[in-house]
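Protein chains: 2
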Amino acid sequence: MAIEIERKFLIKDDSWRARVESESHIRQGYLSGDARLTLRVRVRDDQAFLTLKGATKGIARSEFEYGIPPADAEAMLAEFAQGPLIDKRRYLVREGGWLWEVDEFAGENQGLVLAEIELPSAEQSFPRPDWLGAEVSDDPRYFNASLARHPFRRW
Amino acid sequence: MAIEIERKFLIKDDSWRARVESESHIRQGYLSGDARLTLRVRVRDDQAFLTLKGATKGIARSEFEYGIPPADAEAMLAEFAQGPLIDKRRYLVREGGWLWEVDEFAGENQGLVLAEIELPSAEQSFPRPDWLGAEVSDDPRYFNASLARHPFRRW
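Chains as they are written, first to last, in the UniProt record's numbering: chain U, 1 to 155; chain Y, 1 to 155.
Keep in mind that the hints are not guaranteed to be accurate.
Any copy, or any two copies together, can satisfy a pair, since identical chains are not distinguished.
[To be verified] The calculated SDA-like cross-link candidates involving lysine to any residue, where the alpha carbons are at most 25 Å apart (straight line), are:
1. Lys57 x Ala71
2. Lys57 x Leu31
3. Lys53 x Glu6
4. Lys8 x Leu92
5. Lys12 x Asp46
6. Lys8 x Pro120
7. Lys53 x Gly67
8. Lys8 x Trp98
9. Lys57 x Asp72
10. Lys53 x Ala75
11. Lys53 x Pro70
12. Lys53 x Leu85
13. Lys57 x Ala78
14. Lys57 x Leu77
15. Lys12 x Pro84
16. Lys53 x Val43
17. Lys53 x Tyr66
18. Lys12 x Ser22
19. Lys57 x Arg94
20. Lys12 x Asp139
21. Lys53 x Glu74
22. Lys12 x Ala106
23. Lys57 x Arg141
24. Lys12 x Arg89
25. Lys57 x Glu79
Treat the hints as calculated values from the structure; they're not laboratory data.
Excised from the complex, chain U in its bound form (with noise of 0.2 Å):
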């Protein structure tokens, strides 16, 4: 188990892309979910995780997270899965010593592109890239598991 703080921020321009150290693809869909408690299953390039997700209490929330194989994932996505599924890729960008996640969206999320920094506590500061927007931690929209029921391109 790990308590996971994270903020979340939209960008500002396409500057991030050169900072770019590597990036892989992911699918996810969403089991089940209410406000106590999300389940998510994920495939990241060749590599699957089960994920719980408590709820969020200001910026930080449980987390337990597993690897699966990934013929298992496929199957629960299939079977179980509400909505579409996200659809994303994933490039981590190092800014001043701290790395970020940029999700860059597709299918019914196309044109969304969201930035990420996990942090050791709530308090903990950072420097702001120039290309980071404004934060969207505490909007329930840009919540991915939001995302798959009520898409971005549908706003």
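Once you have looked at the hints, place chain Y on chain U.
For chain Y alone, coordinates are given in the frame of chain U:
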């Protein structure tokens, strides 16, 4: 992933106890459950498991099970379990070459004893032990997820 075909019975008397091969202590809770999908955390002696089960179709249902750290299981049960935990002793009982699981419930379900057999196909026949009572495979009251919400002692 496995397709699980189980048949479940009440018992008529205690003569199964003479055929017990081994026993274990099980505590389990349901983190979320609807008609489509059940999410269970089980602690069996010093091991723990996270299990997803699909909707029962006749006597078959899909099942995905993963071993997890016991500390994770306890944290998940504390944060997410719906209703009181199921607490039972599970006895493995061999009869005519077949292995039965006999569950003797404690706590809110004290007084209930159920025998289950797992079969390779829905059509598979098997010998009925003398102690076997009425079949309850299709009675939703005896699903463990139901017993967590509506325990036997309150029936």
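Comparing the hints with the structure gives:
1. Lys57 x Ala71: Between copies only: 21 Å across chains, 33 Å inside a chain, cut-off 25 Å.
2. Lys57 x Leu31: So Lys57 and Leu31 pass the 25 Å test inside a copy (21 Å) and across (19 Å) alike.
3. Lys53 x Glu6: So Lys53 and Glu6 pass the 25 Å test inside one copy only (13 Å; across, 31 Å).
4. Lys8 x Leu92: Answer is within: at 14 Å inside a copy they meet the 25 Å cutoff, but 51 Å across does not.
5. Lys12 x Asp46: Answer is neither; intra-copy 31 Å and inter-copy 51 Å both fail.
6. Lys8 x Pro120: Classified as within; 15 Å inside a copy, 49 Å across copies.
7. Lys53 x Gly67: both (15 Å within a copy, 18 Å between copies)
8. Lys8 x Trp98: within (14 Å within a copy, 55 Å between copies)
9. Lys57 x Asp72: Close across copies (19 Å), not inside one copy (31 Å); limit 25 Å.
10. Lys53 x Ala75: The answer is both: 21 Å in one copy and 12 Å across copies each meet 25 Å.
11. Lys53 x Pro70: This pair counts as both: shortest intra-copy Cα distance 20 Å, inter-copy 17 Å.
12. Lys53 x Leu85: both (18 Å within a copy, 20 Å between copies)
13. Lys57 x Ala78: Result: close only across copies, 16 Å inter versus 31 Å intra.
14. Lys57 x Leu77: between (27 Å within a copy, 18 Å between copies)
15. Lys12 x Pro84: neither (27 Å within a copy, 49 Å between copies)
16. Lys53 x Val43: both (17 Å within a copy, 20 Å between copies)
17. Lys53 x Tyr66: Answer is both; intra-copy 12 Å and inter-copy 17 Å each pass.
18. Lys12 x Ser22: within (21 Å within a copy, 63 Å between copies)
19. Lys57 x Arg94: For Lys57 and Arg94, the Cα distance exceeds 25 Å both inside one copy (27 Å) and across copies (50 Å).
20. Lys12 x Asp139: Classified as within: same-chain Cα gap 18 Å, cross-chain 58 Å, threshold 25 Å.
21. Lys53 x Glu74: both (20 Å within a copy, 15 Å between copies)
22. Lys12 x Ala106: So Lys12 and Ala106 pass the 25 Å test inside one copy only (18 Å; across, 59 Å).
23. Lys57 x Arg141: within (16 Å within a copy, 35 Å between copies)
24. Lys12 x Arg89: within (18 Å within a copy, 59 Å between copies)
25. Lys57 x Glu79: Answer is between: at 13 Å across copies they meet the 25 Å cutoff, but 30 Å inside does not.
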